[in-house]
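> Chain by chain, the residues:
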Amino acid sequence: MTIKSILPASLLLLGAGTLLAADEPSEYAKFEASAEYVKFALNNLWILISAALVFLMHLGFASLESGLCQRKNTVNILFKNCFIIAMGVLTYYFVGFNTHYPGDRGVDPSAWNGFLSIGGMAAAEPGTAANFTSEYNAGYTYWSDFIFQAMFAATAATIVSGAVAERVKLTSFLIFATLLVAFAYPIAGSWHWGTGFLADKGFYDFAGSTVVHAFGGFAALACVIVLGPRRGKYTKDGLKPILPSNLPLATIGAFLLFLGWFGFNGGSVLSADAQGVSTVFVTTTLAACAGALACMATSWIVLKKPDLSMTLNGFLAGLVGITAGADAISPTMSIVAGGVAGVIVVFSILFFDKIKIDDPVGAISVHGVCGIWGTLAVAFFGGASFSSQLIGIITVCAFAFIFSFALFFLLKLIMGVRVDEKEEHEGLDVAEHGAPAYNE
Amino acid sequence: MTIKSILPASLLLLGAGTLLAADEPSEYAKFEASAEYVKFALNNLWILISAALVFLMHLGFASLESGLCQRKNTVNILFKNCFIIAMGVLTYYFVGFNTHYPGDRGVDPSAWNGFLSIGGMAAAEPGTAANFTSEYNAGYTYWSDFIFQAMFAATAATIVSGAVAERVKLTSFLIFATLLVAFAYPIAGSWHWGTGFLADKGFYDFAGSTVVHAFGGFAALACVIVLGPRRGKYTKDGLKPILPSNLPLATIGAFLLFLGWFGFNGGSVLSADAQGVSTVFVTTTLAACAGALACMATSWIVLKKPDLSMTLNGFLAGLVGITAGADAISPTMSIVAGGVAGVIVVFSILFFDKIKIDDPVGAISVHGVCGIWGTLAVAFFGGASFSSQLIGIITVCAFAFIFSFALFFLLKLIMGVRVDEKEEHEGLDVAEHGAPAYNE
Amino acid sequence: MTIKSILPASLLLLGAGTLLAADEPSEYAKFEASAEYVKFALNNLWILISAALVFLMHLGFASLESGLCQRKNTVNILFKNCFIIAMGVLTYYFVGFNTHYPGDRGVDPSAWNGFLSIGGMAAAEPGTAANFTSEYNAGYTYWSDFIFQAMFAATAATIVSGAVAERVKLTSFLIFATLLVAFAYPIAGSWHWGTGFLADKGFYDFAGSTVVHAFGGFAALACVIVLGPRRGKYTKDGLKPILPSNLPLATIGAFLLFLGWFGFNGGSVLSADAQGVSTVFVTTTLAACAGALACMATSWIVLKKPDLSMTLNGFLAGLVGITAGADAISPTMSIVAGGVAGVIVVFSILFFDKIKIDDPVGAISVHGVCGIWGTLAVAFFGGASFSSQLIGIITVCAFAFIFSFALFFLLKLIMGVRVDEKEEHEGLDVAEHGAPAYNE
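Protein chains in written order, with the UniProt record's numbering: chain A, 1 to 440; chain B, 1 to 440; chain C, 1 to 440.
Keep in mind the hints are simulated off the structure, nothing from the lab. Misleading hints may appear alongside valid ones.
Given that identical chains are not distinguished, each listed pair holds provided it fits within a single copy or across any two copies.
[To be verified] Cut-off 35 Å, straight-line C-alpha distance, at most; resulting in silico cross-link-like pairs (DSBU-like, lysine-lysine):
{"no.": "1", "residue 1": "201", "residue 2": "240"}
{"no.": "2", "residue 1": "233", "residue 2": "201"}
{"no.": "3", "residue 1": "412", "residue 2": "304"}
{"no.": "4", "residue 1": "201", "residue 2": "422"}
{"no.": "5", "residue 1": "304", "residue 2": "354"}
{"no.": "6", "residue 1": "201", "residue 2": "305"}
{"no.": "7", "residue 1": "412", "residue 2": "354"}
{"no.": "8", "residue 1": "354", "residue 2": "236"}
{"no.": "9", "residue 1": "422", "residue 2": "233"}
{"no.": "10", "residue 1": "356", "residue 2": "305"}
{"no.": "11", "residue 1": "236", "residue 2": "412"}
{"no.": "12", "residue 1": "305", "residue 2": "412"}
{"no.": "13", "residue 1": "240", "residue 2": "305"}
{"no.": "14", "residue 1": "201", "residue 2": "304"}
{"no.": "15", "residue 1": "236", "residue 2": "201"}
{"no.": "16", "residue 1": "356", "residue 2": "236"}
{"no.": "17", "residue 1": "304", "residue 2": "233"}
{"no.": "18", "residue 1": "233", "residue 2": "305"}
Just need the whole structure built from these sequences, with the hints factored in.
Here it is, written out as structure tokens:
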């Protein structure tokens with residue numbers, strides 16, 4: 001376990017304002033007209049644009065979730081999503097980033113043990129020249145690295161947010177989300193991206209089918225089990241579907257998620273390398289489109305009608321399905337990977353409804369189940385080792401599930417995690433926020 | 001006619017996973033710090049970002065159309081738009097790309113005849129080093145080329161989607177859209193962009209006022225003629241306007257289309273050339289703004305009220321009006337080109353309503369009529385030959401119209417293209433999809 | 001005062017079409033593979049992408065404002081926002097750009113006096129090679145400079161639009177907005193960015209906390225004072241809150257504004273310098289997130305409920321609060337700057353309601369008050385001179401207030417600035433535009 005010194009951070013607190021003086025050229029990185037430096041600036045710019053695209057995914061999630069849920073719980077969902085991105089970035093600054101990347105054990109064997117890391121403040125890193133040049137990394141500055149990863153971090157909690165929507169108690173969820181994002185997500189991520197034990201085992205997960213999506217999906221599953229289904233959905237007379245309140249909003253959400261994925265996967269190339277980024281754009285798009293078409297066809301056959309919300313989940317299923325192997329799977333095989341995900345997601349959503357796991361937006365299926373599929377797909381189509389992939393899936397999903405179950409169960413004991421029957425019936429907007437989302 | 005071998009594709013199917021091995025540096029394109037390579041990577045990145053922006057136009061179309069139509073047909077419109085982008089990308093992969101660009105007759109005279117091309121799978125191209133370096137093109141890799149053009153391809157069907165909304169039969173439309181995008185669009189496009197006979201004639205259409213927009217507009221016109229107007233619009237007592245259901249949604253759509261046009265036109269520079277891209281951004285923006293103001297003023301005078309949906313179409317009219325000449329028309333003249341388009345679109349929409357061509361979103365006027373205007377504007381303000389422009393317009397629009405009329409008429413005979421009266425009255429959402437778009 | 005010759009512009013009008021010939025390589029800027037040129041093209045591309053992001057802020061404003069206002073005034077708000085961006089870009093072309101940047105007095109002391117500048121048409125600048133190469137600027141072409149700044153220009157009027165919503169007379173507002181954007185905004189801006197007297201005084205305002213946001217906020221304050229509050233809000237029985245009509249729409253607006261700010265602040269680096277842009281992305285994001293959390297907590301304590309629209313304003317408050325010092329304040333201190341803004345905005349909104357200044361969207365607080373705070377924050381945390389900052393704030397805000405008060409008061413005398421009681425009650429959509437925003 002690595003506890004980083006926070007001394008330099010306090011210096012930064014005192015010395016603020018000296019980072020970049022107003023009219024001087026930047027101190028560290030003279031923007032020279034050398035090919036070396038222009039290459040670095042180009043790479044760095046792409047990582048920042050990708051960060052902006054991943055940021056937009058949070059609007060995508062907010063729109064998708066509030067569109068798929070009931071009108072009376074809209075404000076609550078939007079509020080949670082605003083909290084998640086704000087809290088996610090700040091906790092990542094204070095503890096997540098250095099937990100996620102605790103140091104390279106290959107370079108410094110004493111850096112950490114490969115299993116458990118707790119880091120300090122991002123600003124605790126010395127603000128030397130290296131942080132703004134390719135000395136830190138060929139693809140980005142220290143701060144571009146931070147902001148790109150910070151945008152990812154909040155995603156785990158957002159996935160949970162959708163699954164527990166319409167009956168979760170606000171304060172309990174905010175506490176849960178904060179601890180999940182601040183500690184659980186970066187610890188699990190460090191196993192793979194932080195040179196942890198999964199990196200040793202050859203686990204391959206390009207942009208995070210497992211370490212982001214399945215992590216979030218299994219955290220969501222644990223919470224839903226603790227929380228129970230929405231009242232009135234699973235009745236003695238069978239399943240009573242709860243209709244989505246605003247499908248244009250949900251469609252905006254799904255398309256913005258698709259768009260954001262160009263940054264999620266495209267930025268994970270970690271440079272603007274022409275081969276890498278163009279390959280990833282192609283596989284990502286083909287998988288998403290195949291996922292949508294396969295899901296559309298499957299749900300049309302199974303449900304006997306052309307279903308829009310299933311189709312939206314089909315895009316996302318395809319995207320989650322290619323995330324682990326976007327740089328390793330050929331274009332043609334990415335169609336297969338995405339298409340299979342689009343079929344899986346339909347049956348998975350139906351299955352969870354059958355066993356009365358109530359997930360209003362299908363998050364467990366899209367992110368959890370298709371995240372597993374996407375990780376295995378790299379073994380089938382991208383040359384990764386099946387057993388390595390399996391070890392990664394099991395450890396990360398088990399950790400996400402156990403951490404979330406334990407924490408959410410504890411919160412249930414201490415303060416409750418669910419609104420009471422009257423509030424659920426009335427809707428969380430009026431009950432918790434004092435006013436509905438739509439007014440005259 | 002060129003039938004490309006699909007043998008290499010099957011090899012790719014088998015050899016999948018070798019494209020990019022997990023932890024190795026990319027095989028073909030070592031991202032060297034040479035000015036040559038950085039230039040290529042920069043160009044390539046801009047094409048990919050442009051592809052993402054053009055992708056977003058599909059959300060723009062979906063939002064604009066569903067906002068301008070009636071509430072009861074919203075799911076149907078969104079569903080069609082989801083299908084179109086998914087189908088559009090995949091058909092472009094399987095047949096469209098190599099039909100669109102069947103080979104350079106200047107280099108290889110046996111490549112094709114200049115009139116009719118049918119190509120094979122995108123992945124059938126050998127996956128050699130050339131595809132990932134500037135050997136393929138100075139501005140982009142093979143796969144960036146594919147994905148940028150794939151995002152364009154679905155546009156033609158999206159334009160039709162708006163015009164036939166609120167009464168078209170879903171399955172018939174899906175079949176029509178697939179054949180239009182898979183075959184008609186890339187064949188017509190090959191005449192201009194694929195070194196076909198229009199390229200020989202000096203036809204100038206920078207980003208596709210004719211080969212994308214007017215093509216879509218005239219396909220739409222043909223379908224609307226076959227389909228007939230919505231019931232209850234043209235009555236004995238004159239025109240009964242059908243009000244748009246959600247103008248904020250339509251506004252989101254129009255602004256996203258405007259944004260996406262920076263990629264549509266800006267990416268058509270086919271590199272990140274500073275002069276080219278900055279010129280195109282300026283002319284595109286000025287034309288759009290002039291179109292909106294001119295349309296706003298014209299419709300205010302003619303309709304005696306400040307009309308929002310007209311104004312939104314004014315932005316789009318200006319954008320379509322500059323698309324053919326965005327790199328060839330001066331900033332000041334782009335204001336004229338856009339402004340004239342903004343006036344034209346008002347009278348065109350009124351004209352089509354007068355002759356009872358019912359186009360719920362004004363797609364025929366915006367894309368068809370202003371597409372023609374934009375193509376001619378390059379002759380007036382950008383130095384192109386008037387007769388060449390006219391030949392391009394006539395052949396492309398005639399082909400789009402005849403192909404669409406024949407195919408849609410055939411579909412009408414075989415399976416019908418229109419929902420029955422009861423379904424139209426009830427709305428397609430409940431009739432075809434089983435549930436409305438907005439619920440409690 | 002500088003009156004630029006418009007002769008070259010008329011030449012351009014005649015010589016249109018020669019700017020870029022169709023099939024020739026671009027005349028001025030051969031896109032050479034020199035590191036020098038690639039650096040320039042990269043910088044230029046980032047400015048253009050930033051312009052596109054700032055463009056999107058106009059959709060953000062339109063969505064936020066229409067979401068926070070009443071349903072019956074939605075069309076009116078959207079119409080105003082469409083007008084503002086279209087008019088803003090065109091007036092900037094015809095007069096704003098050369099007023100904003102009247103020439104460098106350091107280079108040519110006769111260029112202007114530092115206080116009052118009125119410029120001519122953007123196209124009046126000679127279209128020489130220099131305009132498309134780094135001879136004009138190391139970071140962008142002449143036209144990229146124009147389009148980036150043009151997207152900023154309309155912002156001032158958009159801020160006012162939100163504050164006067166729901167009772168302003170459309171035509172009066174359109175006239176006011178045009179004169180504000182065409183003359184007042186670029187004149188005030190020239191004092192700082194156009195080498196005017198504030199530049200001499202060492203006033204530091206990186207991307208415009210004062211010269212864009214506080215300028216707009218104080219123009220809004222003046223208009224609201226002239227206009228008076230919405231009927232029925234401040235009653236004998238105390239304040240009667242008017243509920244927002246569509247909170248998902250408002251949330252979309254706030255997130256798009258946040259996204260656009262990556263271009264607003266990020267593009268203000270004026271190059272793709274790796275240190276500059278990554279620093280600005282980090283400080284901008286941290287301040288926004290801190291603003292949201294601080295505002296969420298403060299409003300929860302003060303208003304006794306978790307308030308979504310306050311939280312959305314918290315993001316914006318944080319963003320406005322870091323805009324002046326995004327490149328000069330350290331990451332940790334940007335959290336403080338944003339967090340303080342998030343606290344201020346709550347009390348400011350409550351304060352203006354107490355003194356019966358009715359601002360339906362909180363624009364005066366977000367842009368005016370937090371704009372002042374952001375400008376002072378550079379003195380506290382970024383090394384700027386407190387007295388210089390104060391002088392800049394006072395002169396710009398006073399000018400915005402006096403200009404707006406005088407002009408709006410004049411309009412009130414001549415034609416009235418407010419709809420009558422019946423129209424306000426009925427809603428502006430039906431009264432001024434003939435139809436509501438949402439229909440069946």
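> Each hint should be assessed against the structure and marked as holding or not.
Taking the hints in turn, this is what the structure says about them:
Taking CA atoms no more than 35 Å apart as the test, residue 201 paired with residue 240 passes in neither setting, with 46 Å inside one copy and 63 Å between copies. Taking identical chains as interchangeable, the C-alpha atoms of residue 233 and residue 201 are never at most 35 Å apart, the minima being 43 Å within one chain and 65 Å between chains. With identical chains, the CA atoms of residue 412 and residue 304 are at most 35 Å apart between copies only, with a shortest distance of 23 Å across copies and 40 Å within one. In this homomeric assembly, residue 201 and residue 422 never come within 35 Å of each other (Cα to Cα): the closest approach is 51 Å inside a single copy and 62 Å across copies.
For the homomeric pair residue 304 and residue 354, the shortest alpha-carbon distance inside one copy (18 Å) is at most 35 Å, but the shortest distance between copies (40 Å) is not. Within a single copy, residue 201 and residue 305 get their C-alpha atoms no closer than 45 Å, and across copies no closer than 49 Å, so neither meets the 35 Å cut-off. For the homomeric pair residue 412 and residue 354, the shortest alpha-carbon distance inside one copy (25 Å) is at most 35 Å, but the shortest distance between copies (41 Å) is not. With identical chains, the CA atoms of residue 354 and residue 236 are at most 35 Å apart within one copy only, with a shortest distance of 13 Å there and 54 Å across copies.
In this homomeric assembly, residue 422 and residue 233 come within 35 Å of each other (Cα to Cα) both inside a single copy, at 16 Å, and across copies, at 31 Å. In this assembly of identical chains, the alpha carbons of residue 356 and residue 305 lie at most 35 Å apart whether taken from the same copy (23 Å) or from different copies (33 Å). Taking identical chains as interchangeable, the C-alpha atoms of residue 236 and residue 412 lie at most 35 Å apart only when both belong to the same chain, with a minimum of 27 Å there against 46 Å between chains. Within a single copy, residue 305 and residue 412 get their C-alpha atoms only as close as 39 Å, which misses the 35 Å cut-off; across copies the closest is 22 Å, which meets it.
Taking identical chains as interchangeable, the C-alpha atoms of residue 240 and residue 305 lie at most 35 Å apart whether they share a chain (17 Å) or sit on different chains (32 Å). When the C-alpha separation of residue 201 and residue 304 is checked against a cutoff of 35 Å, the pair qualifies neither within a copy, at 45 Å, nor between copies, at 51 Å. Proximity of residue 236 and residue 201 under a CA criterion of 35 Å is satisfied in neither setting, with 48 Å inside one chain copy and 73 Å between copies. Only within a single protomer do residue 356 and residue 236 lie at most 35 Å apart by alpha-carbon distance; the minimum there is 12 Å, versus 53 Å between protomers.
Taking the closest pair of Cα atoms, residue 304 and residue 233 come within 35 Å of each other both inside a single copy (21 Å) and across two copies (32 Å). In this assembly of identical chains, residue 233 and residue 305 lie within 35 Å of each other by CA distance both inside one copy and across copies; the values are 21 Å within and 29 Å between.
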